[in-house]
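Engineer: The residues making up each chain are set out below.
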Amino acid sequence: MDNLVEVKDIAKTYKSLDGVFGMEKPVVAVNGVNLQIKKGESLGLVGESGCGKTTVGKIILGLEKPDAGTVHFENKKISGLSSKEMFSTRKYMQIIFQDPFASLNPRIRIGSAIGEVLTVYGVKDTEKLVKQMIEIIGLPEDTYYRYPHEFSGGQRQRICIARALVGNPKFVVCDEPVSSLDVSVQAQIINLLKELKEELHLTYLFISHDLRVVKNICDRITVMYYGKIIEEGDTDIIYTEPLHPYTELLISAVPSMIMKNGVRRKRNAVSSVSAINGEGCPFFYRCPKRIEKCGTITPVLKDLGNNRKVACWNV
Amino acid sequence: MIDTLLKISKLSIEFLLPEGSLKAVDGINLSVRKKETVCIVGESGSGKTVTALAIMRLIPKPGIISSGEIFFNGENILKIPENKMMQLRGASISMVFQEPFNSLNPVFRVSDQIGESVELHIGLKGLAKEQKILEVLKLVGIQDEKRVYNSYPHELSGGMRQRVMIAMGLVSNPSLLIADEPTTALDVTIQSQILDLLAELKEKLSLSVLLITHDLGVVNEIGDSVYVMYAGKIMEKGNKSEIFNNPKHPYTEGLLKSVPDLGPVKRRLYTIEGNIPNLKELPNGCRFHPRCPYAMEICKKQTPVETKFSSQHSAWCFRYQGGEEQNG
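Note that the protein sequences, when read in sequence, are chains B and Z.
Using my numbering, the letters of the first sequence correspond one by one to residues 1 to 315.
Using my numbering, the letters of the second sequence correspond one by one to residues 1 to 328.
Calculated directly from the structure, the hints in this document are not laboratory data.
Among these hints, one or two may not hold up.
[Said to hold, decoys possible] Okay, derived cross-link-like pairs now, SDA-like style, lysine to any residue, Cα gap no bigger than 20 Å in a straight line:
#1 Z/Lys266 / B/Leu192
#2 B/Lys58 / B/Arg107
#3 Z/Lys266 / B/Lys15
#4 Z/Lys34 / Z/Ser175
#5 Z/Lys301 / Z/Ser311
#6 Z/Lys280 / B/Pro148
#7 Z/Lys257 / B/Lys65
#8 Z/Lys240 / B/Asn314
#9 B/Lys65 / B/Glu6
#10 Z/Lys280 / Z/Met56
#11 B/Lys25 / Z/Leu262
#12 Z/Lys35 / Z/Thr4
#13 Z/Lys7 / Z/Phe71
#14 Z/Lys248 / Z/Phe309
#15 Z/Lys266 / B/Val254
#16 Z/Lys23 / Z/Glu281
#17 Z/Lys129 / Z/Tyr149
#18 B/Lys302 / B/Pro242
#19 Z/Lys266 / B/Met257
#20 B/Lys194 / Z/Lys129
#21 B/Lys25 / Z/Lys240
#22 B/Lys194 / Z/Lys240
#23 B/Lys197 / Z/His289
#24 Z/Lys266 / B/Lys25
#25 B/Lys197 / Z/Pro62
#26 Z/Lys34 / Z/Gly20
#27 B/Lys194 / Z/Gly263
#28 B/Lys15 / Z/Glu155
#29 Z/Lys257 / B/Val27
#30 Z/Lys257 / B/Glu6
#31 B/Lys194 / Z/Thr271
#32 Z/Lys308 / Z/Asn29
#33 Z/Lys266 / B/Asp219
[Unchecked claim] Distance ranges between label pairs, derived from CB positions:
#34 B/Asp236 / Z/Leu282: 28 to 34 Å
#35 B/Pro288 / Z/Tyr152: 29 to 35 Å
#36 B/Gly295 / Z/Asn239: 45 to 51 Å
#37 Z/Leu17 / B/Lys128: 37 to 43 Å
#38 B/Ile237 / Z/Glu75: 38 to 44 Å
#39 Z/Phe108 / B/Ser179: 54 to 60 Å
#40 B/Tyr92 / Z/Gly274: 30 to 36 Å
This one's a predicted model, so the numbers in the text were calculated from it and none came from an experiment.
All C-beta atoms, glycine included, are put in the ideal place defined by N, C-alpha and C.
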């Protein structure tokens, strides 16, 4: 299969002020990330808050400029292009945000909000296309004339999905699209995203911290920790045989309804200490299986074949 | 029963709005025994948080407790004067809120914030107070308690702040801890640490916990018994294994089936059609009937009554007949 998106060695560092008059100190958000997203797959990008998963998504879409590295879309280099040159490519890339309350303008009617993408790209008869899209995402037809406040959270997220998909994109970044929704509504949106992917031949980068959601929607999973990819593999295998101790910790931490013989498992969670500075594995201080080498040499992401990659000296 | 710590009976909470009153909680019964972790599960707007606030007598205006009784240790706390309630609140009953970011005061050190409770409820001062604070910080699993003691909230991580909140709740040695979505804003690994902590403290301190959550996974991890709430009413109650293995109410059943979990992946997740009702336009009859796959004619007209399946397990649904009319 062809790669739709290819990310090579991207890095991004933000500057943060330590106090109001303090020194500027660099915060490494993404540090040498490589990703290949194949046409038609949905790749899950998981990790805890602050691990850089959203930054990766933004860099791919060109919303954030990487300090180093390149992004290719359909074998064409898109990182570093000017916004004019980006215009024609951006049509094929879209994003769905986490909070459907913050990402819809309260003063713009739904019809215009969804149709804006089409107008920007010079489509004349937007109304017909928008109304078709509203039908596809399962909302009543009069949605077109209404305002965001008239809708519930789940309905708004449907509207955001319609807005992302109306321009016929090939690639969609879903940034925690269901984490602000109620449980009964969450399932509806997950199903909708799965159906639309099949019908419209979409490719997803699905960013989430919820491993239960990711398991139900993604074909392949990439685990990030402190700006680095530490494990990658097909969904089934990642959950049944995690290789990296951090992946193992993440999976064991998920509150699950599968009965564990009625007893709470004792976890090997070591309380969080910030990542090591400079050389060494970023997970060193929290790792129950660390060896001496881990503290001094950063493990590289080894390719084990069968889509499986892991960065750990123990493997 | 002798070991009942908290008993809520026929509690209704209304919000008096200019356009009319809104019933957020409608005649529920609930009880928490000593050393028990009771979970209230429900989606937004089901009335779980207001129920908790009612126990603390902290319902924000224009909300009122329109009827019902809340017994704590056999005493109706809705009848006692406010100054007596103040002694109870934070001392015997404590509450931990969802957002550790919003519920700590950013301009006071951790020591001052916990210290306030120590002074008020235990009456310790000076060195004894400091000792007590350090002790409780250690109890909630903070290893460098001296640093945290002198810290401001912004210097701590989310998990640390939630630990401080729990420490603040526990310092007065309460018999009931109300935790309102204590882990929702936290990362999974931190969440599991906090859940471990709650389970451990419950044993150590003989604590009863009333846990409010929307996450059935969390319930499975630390709950003993479960109340399922929907639009201000209790739909089903029972102990954990009864609810998880043998759900009777269609809403409970739907919730359990629709949650994505770590088990085998289904092509489609089960969904409960429709949306949570607006409290201003509650459906007649059973509140769940517009979304219920088994809805019958009677469901649209009458409110279902309790059907008992065991001493603890009950559901309010017309699919099972019998029982007298009360909720909870």
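Engineer: None of the hints should be skipped; say for each whether it holds.
Structural biologist: Now the hints, each set against the structure:
1. Annotation: proposed proximity of lysine 266 of chain Z to leucine 192 of chain B holds, straight-line Cα distance about 14 Å (limit 20 Å).
2. For the suggested pair lysine 58 of chain B and arginine 107 of chain B, the alpha carbons sit about 26 Å apart, so the restraint of at most 20 Å is broken.
3. Of the supplied pair hints, the one linking lysine 266 of chain Z and lysine 15 of chain B is violated, its CA atoms being roughly 44 Å apart against a limit of 20 Å.
4. Note on lysine 34 of chain Z and serine 175 of chain Z: the hinted pairing holds, with a Cα-Cα distance of about 8 Å set against a maximum of 20 Å.
5. For the hint pairing lysine 301 of chain Z with serine 311 of chain Z, the CA-to-CA distance comes to about 28 Å; that exceeds 20 Å, so the pair is violated.
6. With a C-alpha separation of about 19 Å, the suggested pair lysine 280 of chain Z and proline 148 of chain B falls inside the 20 Å cut-off, and the hint holds.
7. For the proposed pair lysine 257 of chain Z and lysine 65 of chain B, the alpha carbon gap of about 42 Å is over 20 Å, so the pair is violated.
8. Our distance criterion of 20 Å between C-alpha atoms is broken by lysine 240 of chain Z and asparagine 314 of chain B, whose separation comes to about 39 Å.
9. Among the hinted pairs, lysine 65 of chain B with glutamate 6 of chain B is consistent with the structure: their alpha-carbon atoms are about 16 Å apart, no more than 20 Å.
10. A threshold of 20 Å between alpha carbons decides the hint, and for lysine 280 of chain Z with methionine 56 of chain Z the separation of about 25 Å lies outside it, so the pair is violated.
11. A threshold of 20 Å between alpha carbons decides the hint, and for lysine 25 of chain B with leucine 262 of chain Z the separation of about 39 Å lies outside it, so the pair is violated.
12. The hinted pair formed by lysine 35 of chain Z and threonine 4 of chain Z meets the criterion: a straight-line CA distance of about 10 Å does not exceed 20 Å.
13. Using a Cα cut-off of 20 Å, the hinted pair lysine 7 of chain Z and phenylalanine 71 of chain Z holds, with the two alpha carbons roughly 5 Å apart.
14. Between lysine 248 of chain Z and phenylalanine 309 of chain Z, the direct Cα distance comes to roughly 9 Å. Compliance with the 20 Å bound is thereby established for this hinted pair.
15. A threshold of 20 Å between alpha carbons decides the hint, and for lysine 266 of chain Z with valine 254 of chain B the separation of about 19 Å falls inside it, so the pair holds.
16. Taken as a hint, the lysine 23 of chain Z and glutamate 281 of chain Z pair is honoured in the structure, with Cα atoms around 11 Å apart against an allowance of 20 Å.
17. At most 20 Å may separate the alpha-carbon atoms for a hinted pair to count; lysine 129 of chain Z and tyrosine 149 of chain Z meet this at roughly 12 Å.
18. This hinted pair checks out: lysine 302 of chain B and proline 242 of chain B have alpha carbons roughly 14 Å apart, not beyond 20 Å.
19. Distance check on the hinted pair: lysine 266 of chain Z and methionine 257 of chain B sit about 15 Å apart at the alpha-carbon level, within 20 Å; holds.
20. Distance hint between lysine 194 of chain B and lysine 129 of chain Z is unfulfilled; the C-alpha atoms sit about 57 Å from each other, more than 20 Å.
21. Distance restraint check for lysine 25 of chain B and lysine 240 of chain Z: the Cα-Cα separation of roughly 49 Å exceeds the 20 Å cut-off, and the hinted pair is therefore not satisfied.
22. Proximity of lysine 194 of chain B to lysine 240 of chain Z is assessed by CA-CA distance (about 32 Å); at most 20 Å being required, the pair is judged violated.
23. Distance restraint check for lysine 197 of chain B and histidine 289 of chain Z: the Cα-Cα separation of roughly 32 Å exceeds the 20 Å cut-off, and the hinted pair is therefore not satisfied.
24. With a C-alpha separation of about 46 Å, the suggested pair lysine 266 of chain Z and lysine 25 of chain B falls outside the 20 Å cut-off, and the hint is violated.
25. Proposed proximity of lysine 197 of chain B and proline 62 of chain Z is contradicted: the alpha carbons are some 46 Å apart, above 20 Å.
26. In summary, the hint linking lysine 34 of chain Z to glycine 20 of chain Z is not supported, as the alpha carbons are separated by about 39 Å, beyond the 20 Å threshold.
27. For the suggested pair lysine 194 of chain B and glycine 263 of chain Z, the alpha carbons sit about 18 Å apart, so the restraint of at most 20 Å is met.
28. Taken as a hint, the lysine 15 of chain B and glutamate 155 of chain Z pair is honoured in the structure, with Cα atoms around 18 Å apart against an allowance of 20 Å.
29. Distance restraint check for lysine 257 of chain Z and valine 27 of chain B: the Cα-Cα separation of roughly 42 Å exceeds the 20 Å cut-off, and the hinted pair is therefore not satisfied.
30. Proximity of lysine 257 of chain Z to glutamate 6 of chain B is assessed by CA-CA distance (about 37 Å); at most 20 Å being required, the pair is judged violated.
31. Straight-line distance between C-alpha atoms of lysine 194 of chain B and threonine 271 of chain Z comes to about 14 Å, which keeps the hinted pair within the 20 Å bound.
32. Restraint check for lysine 308 of chain Z and asparagine 29 of chain Z: satisfied, since their Cα atoms lie roughly 14 Å apart, inside the 20 Å limit.
33. With a C-alpha separation of about 13 Å, the suggested pairing of lysine 266 of chain Z with aspartate 219 of chain B holds against the 20 Å cut-off.
34. Remark: the range hint 28 to 34 Å for aspartate 236 of chain B to leucine 282 of chain Z is contradicted by a beta-carbon distance near 44 Å.
35. Checking the proposed 29 to 35 Å range against proline 288 of chain B and tyrosine 152 of chain Z shows it holds: the Cβ atoms sit about 32 Å from each other.
36. Taking 45 to 51 Å as the suggested C-beta distance range, the pair glycine 295 of chain B and asparagine 239 of chain Z conforms, at roughly 47 Å.
37. Between leucine 17 of chain Z and lysine 128 of chain B the Cβ separation comes to about 41 Å, which falls inside the hinted range of 37 to 43 Å.
38. Checked against the given bound of 38 to 44 Å, the beta carbons of isoleucine 237 of chain B and glutamate 75 of chain Z, roughly 57 Å apart, lie outside it.
39. The hinted window of 54 to 60 Å between phenylalanine 108 of chain Z and serine 179 of chain B is violated, with their beta carbons roughly 31 Å apart.
40. Between tyrosine 92 of chain B and glycine 274 of chain Z the C-beta distance comes to about 34 Å, which sits within the given range of 30 to 36 Å.
Of the numbered hints listed earlier, those contradicted by the structure are 2, 3, 5, 7, 8, 10, 11, 20, 21, 22, 23, 24, 25, 26, 29, 30, 34, 38 and 39.
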